[in-house]
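> Each chain, written out:
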Amino acid sequence: MRPATPSPESPSANSADPASILIDLVTHSEIIICSGSGGVGKTTVAAVTAMEAARLGRRAVVVTIDPAKRLADALGLGEMGIGNQPRLIAGAWPGQLSAVMLDTKSTFDDLVNRYSADPEQAERILANRFYKNISGALSGTQEYMAMEKLYELRTSPDFDLVVVDTPPSRHALDFFEAPSRLTRFLDHRLYRVLTAPTRGVMKAVNVAAQTVVRTVSKVVGGEVFDDAIAFFQAFEGMEAGFKERAEQVLAALTSPETSFVLVASPRRDTVQEAQFFAEKLAEADLSVAALVINRMHPRFTDERPESLIARSDSLEASELGGLFRNLADFAMVAQREEDNLAGLAESVAPAPLARVPFLRSDVHDLEGMSLVADHLFGRAR
Amino acid sequence: MDSAQFFAASRLVIVAGKGGVGKTTVSAALARAASLEGLSTLIVEVEGKSGLSAMYHHDAFAYDEVTLSEPADGRGEIRARTLTPDDALLDYLQGAGMSRISKRLVSSGALDMVSTAVPGIRDILVLGKVKSLERSDVADLIVLDAPAAGHAITFLQSASGLADAVRLGPINSQARDVLDLLGDPSRCQVILVTLPEETPVNELVDTAFQLEDRVGVSLGPVVVNGVYPELPGLDADPTAVAERDGISLRPGEAQSLSLAAEFRRERIALQTGQTERLGTALPLPQIHLPYVFEAEIGPPQLDLLAESLLREVRALDPAALGRPEATR
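Keeping their order, the protein sequence lines are chains U and F.
Note that our numbering has the first sequence beginning at 1, numbered continuously upward.
Note that our numbering has the second sequence beginning at 1001, numbered continuously upward.
One chain only, chain U, in its complex shape (with noise of 0.2 angstroms):
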């Protein structure tokens, strides 16, 4: 990747309000990472980062797993453009931005075509039943694939700024091990008993295993088994390629190049889940650059719910009373959200909070971007 392209001021950093130090991370990075829970606007987040960035005058390009339909046609990915490859979109930026929508099994496609010895290998692993199989549906294999085409684009000449959402994962983590669930996979030594089942200095530490694979075999069926021993007799030689590369990904994941982006809606359990990925980079020495709250509901007013709920059961169901019911819950809501975000700023610093506040609409063109981006990056009013 080359040095980033000049990009126009961006505000003194030691500011430490969210908008600055959102404004500095899309100015400088080189990957971005957004994750959190299902449902909590990861895509939108990911896109919107991007299309700040081409504001900024840089290449970015966004990788989407599975955007949701009308946003998908915003970013130029919808019925026509459904692609594995990166797409420009059209926007009156000095930048340029561009949208990927991740096929998980082209882009495994791509990665043996790359590390096969000749077209003949690639050809019997691609047609292989059991290469289908997993390429398709090997837990954690999305997550890989995710990481994969994350690192193609940014080591291409094309894009300064590579912005990724994570797949929606049982677990936050999985897309982090993903590089090296693949590798372990295929290092696990009932393989090794597969494809050298008669080795003969294997055979007796082998006889446990192999009780284990007739057992399995016996469950299962054993065409399963002869179409994974085609697989690894084809795959052979190749795992040293593919070992390599997810080393290198994960190289770059961990580098001080890229950040991660949290973003939870200020629900108690997303706000959990935001805290406990937040730990688990801690552990792993990675920190969160930046903490997005998405969706806070509006705070129409600074007196306490408990006054406004007398105020409006003393008024009982007039027209008054409902008035003030409504400002109550609203009241409620905002307390409630504040009291889950307490005690999160402490566990995330330095990194900021930014708050995003519930739209009138739901975001699905480029307008409501530029709406999120103007919260986002401290342009609301």
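The set of hints was computed from the structure by calculation and includes no laboratory data.
If you're wondering where the values come from, they're calculated on a predicted model, not measured in any experiment.
Positions of the beta carbon are idealized from the N, C-alpha and C atoms, including for glycine.
Do not rely on the hints blindly, as some may be mistaken.
[Stated by the list, open to error] Footprint (simulated), chain F over chain U, 3 or more residues, beta carbon under 8 angstroms:
#1 38-44
#2 310-320
#3 356-362
[As the list claims (entries may be wrong)] Far from chain F, by Cβ distances over 10 angstroms, these chain U residues were calculated:
#4 E247
#5 L286
#6 S287
With chain U held as given, fit chain F onto it using these hints.
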């Protein structure tokens, strides 16, 4: 429709929806509602941490059942447990007389290997266990809190995939048993959950058609979660009504009241638009559950949601249910 009839429709209810729409809340509210009707309920989690235990201020659930709510005053008990593929495999092998090897199979990582070679095997192990729970007399109602949307389809599709991929042996018969369960509306139905917002509604419609086409499972009513309840006076001018009623407002209060009212009106209009769109795209009855402003979901909020749910169920047209074929 009669609420007893609603819960008697099938012993297994699978609750599915996109992440963040409140699938777990709805699972818990369903269990609570069944409990109010005197039925015993078992909630089954399959993804480890779904937040259900936190709603009950309980430690994370394990493979062994825990009781969340004792039977009392005509209420049925509510229990919960998780199911993991590893535990389900152990159970299964022990049941199949292979207990000696079962531990090693799990500890050696063989399950990882097998589940890689045969995708869907983890899911079928879990669903197979759900099926055996459904077959036993473990509870009047079993609520399965399914994996988040995209995964829910592969999860439920695992049976048909495996019945094809593995032609013989115990996995095949397990897969066929699960297919029988999923295809039988008198044993199993799926309740899809969404929020009244654009993206979740789109995804729900997609999921519904995919579940019908690819899994052939019967769809129960759709639950729309987080619907803002109507309130009187949202259209009124606070200053005018206060003056009319002889109430004095504090400085700035009229503006707060009117901004908050405007926000709610707009959200209600958006929500109504989305639920109507959902009704057009997917001809299934809808159950609306209110947005809970007061607090994070805990037992008291679940009681409120359960009561709303029962009210909505009673208002359902029985003729509109039991027609799994949605028309496009």
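> All the hints need checking, so say for each whether the structure fits it.
Status of each hint after checking the structure:
no. : hint    : in the structure
1   : 38-44   : holds (count 3)
2   : 310-320 : holds (count 5)
3   : 356-362 : holds (count 3)
4   : E247    : holds, 21 angstroms
5   : L286    : holds, 22 angstroms
6   : S287    : holds, 24 angstroms
No hint from the list above goes unmet by this structure.
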